[in-house]
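Q: Please build the complex by placing chain B on the supplied structure of chain A, with the hints as guidance.
Chain by chain, the residues:
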Amino acid sequence: MSAPKIDIHHVAKLARLALTEQEAEHFHAQLTSILSHLDQISSHSLDAEPSAHPTPVYDVMRPDQPQLGLTQDEALMNAPRRVMDQFHIPKVVE
Amino acid sequence: MSLATSTITDLRQKLTSREITSRDVLEDLARVIEQKNPDLGAYLGWDLEKALAEAESVDLTLPLGGIPIGIKDNINVLGEPCSCGSRMLAGTYRAPYDAGAISNLRKAGVVPFGRLNMDEFAMGSSTENSALALTRNPHDLSRIPGGSSGGSAAAVAGGIAIATLGSDTGGSIRQPAALCGCVGLKPTYGRVSRYGLVAFASSLDQIGPLTKTVADSALLLNSLCGKDERDSTSLSIPVPDFTAALGRDIKGLRIGLPREYFISGIHAGVSAAVNGAVKKLESLGAIPVEISLPHTDLGVSTYYIIAPAEASANLARFDGVRYGHRSAAATDLLEHYMMTREEGFGPEVKRRILLGTYVLSSGYYDAYYLKAQRARTLIRQDFEAAFAAVDIIVSPTSPAPAHKLGELKDNPLAAYLEDVFTIPVNLAGLPAISLPCGSVQAEGASLPVGIQLISKPLDEMTLLRVADALEHALDQTSGPV
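Chains A and B are the protein sequences, given in the same order.
Going by numbering that gives the first Met the number 0, the final residue of the first sequence carries number 93, and the count climbs one at a time with no gaps.
Going by numbering that gives the first Met the number 0, the final residue of the second sequence carries number 480, and the count climbs one at a time with no gaps.
Treat the hints with care, since some could be wrong.
Listed below are several chain A residues computed to face chain B (Cβ distance under 7 Å; list not exhaustive) [stated by the list, open to error]: (1) 5; (2) 15; (3) 28; (4) 41; (5) 47; (6) 73; (7) 88.
None of these hints come from the bench; they were simulated from the model.
All C-beta atoms, glycine included, are put in the ideal place defined by N, C-alpha and C.
For reference, chain A alone in the conformation it holds in the complex (with noise of 0.2 Å):
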């Protein structure tokens, strides 16, 4: 099988990760090997049903039943920016 391309541009904005010009290179690269590998499994045909988890464990509910979770204090004591007792986070409509 020919060498993968990889567009990493598009898939780090994907990621949502701002990557230098140098990451980019040193990225592209080493993902280039990595999946030039996987594809051992791509060119497989492989007749099994798929399986997303390991046991059969399906829809799992629990009650509706209100319960305590955390106070709004311990939701919010980690925030890096917080502004009367909500997430701050930067603009998103003019």
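A: Using the frame of chain A, we list chain B on its own:
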């Protein structure tokens, strides 16, 4: 001799007979940590005052009453840092709650003590990917301790922890246990609650103990397991008394030797030690049976598609809003995300996020992720077929003893390939244990070799029974270095 080199079993005996107090244990432990940790780099931090205060009120009649356990730095303990070895969380984050595994240990009387170094977000097999400290192998300070639970293994083997918790996604408990010379157990997926374990790959992650003896692993497992409503994948099944597996014979048990695992490319000293252990099992009355796990060659590829894919989704939560690092340079929301993550994550984490994002992205999903999920089924079916004929499967834990620090640093693919024997176990959700079975001489150092035992899902009893019998026959209980 320091109390820190004791086993849980010994300490419990001394605590309940009032020969010592849990304060004595903690103070002695803190003393040896201060002495040895500058060389070993196993601990990122510890809070003696907090632990002493907790030990004051601990009930010594509980099964693990007064025992301090070191915790890998990706498991939340109320009020303590939980950095995951990352700049993303170091110095800013404190846990607002106890993880499910920690709540269970507290109910058994454990005092959590100390935060142990790890590869950043558990991604790695050497602990060199920690952004915060360098952990060294207690048997040779120029070598890696393995990883990602390298701090947890080095602390136990180096005699500066009674026992510790680690997490295992592709071998992260078993491989450092093998390289440092202690016992490391990965329970069946779903045995131990993942609530409060910072998620790396949710369908593979499992918390487990690293200990000096198999008996200590059984004791800790007794308290770690059980259904937790807060983890929908935790299993609602009875927890047996795992110590009932100890001290029993293994006559007539069938020991599977997968031909795909006993291959060229394994270090000669590792082969010799593992083969010696297999002979020992035979001398105890076990019956070796050659088996085949035909899809073994797909394991590493399958894992390095599934784990990064899940990681890329799990680590999306580090967005600089609710916790962790936040870039001061950004001016709009997109830049805020991109800069925060660029500044907070280290190279291995970025590499895996990029890989995971790529294999899940439009046009590649079927070729990689879906294929990997199919391969995962085949790997699980290999084990199901094998366990129709055998009770336990045996292999080396790692194909080589501990490498030199920095040896594989610039070759991630070579490092990934070393996980070949531990990865299939996580993909199939099976329980497995690594215990010391010998050593390899290298440049004047004696480097431990680990043997891996794998059992059927939920059959930790057989796992512990065989491991305990082998440990006694080999007389390899890992004393302190």
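Q: Honestly, which of those hints from before does the structure not fit?
A: 3
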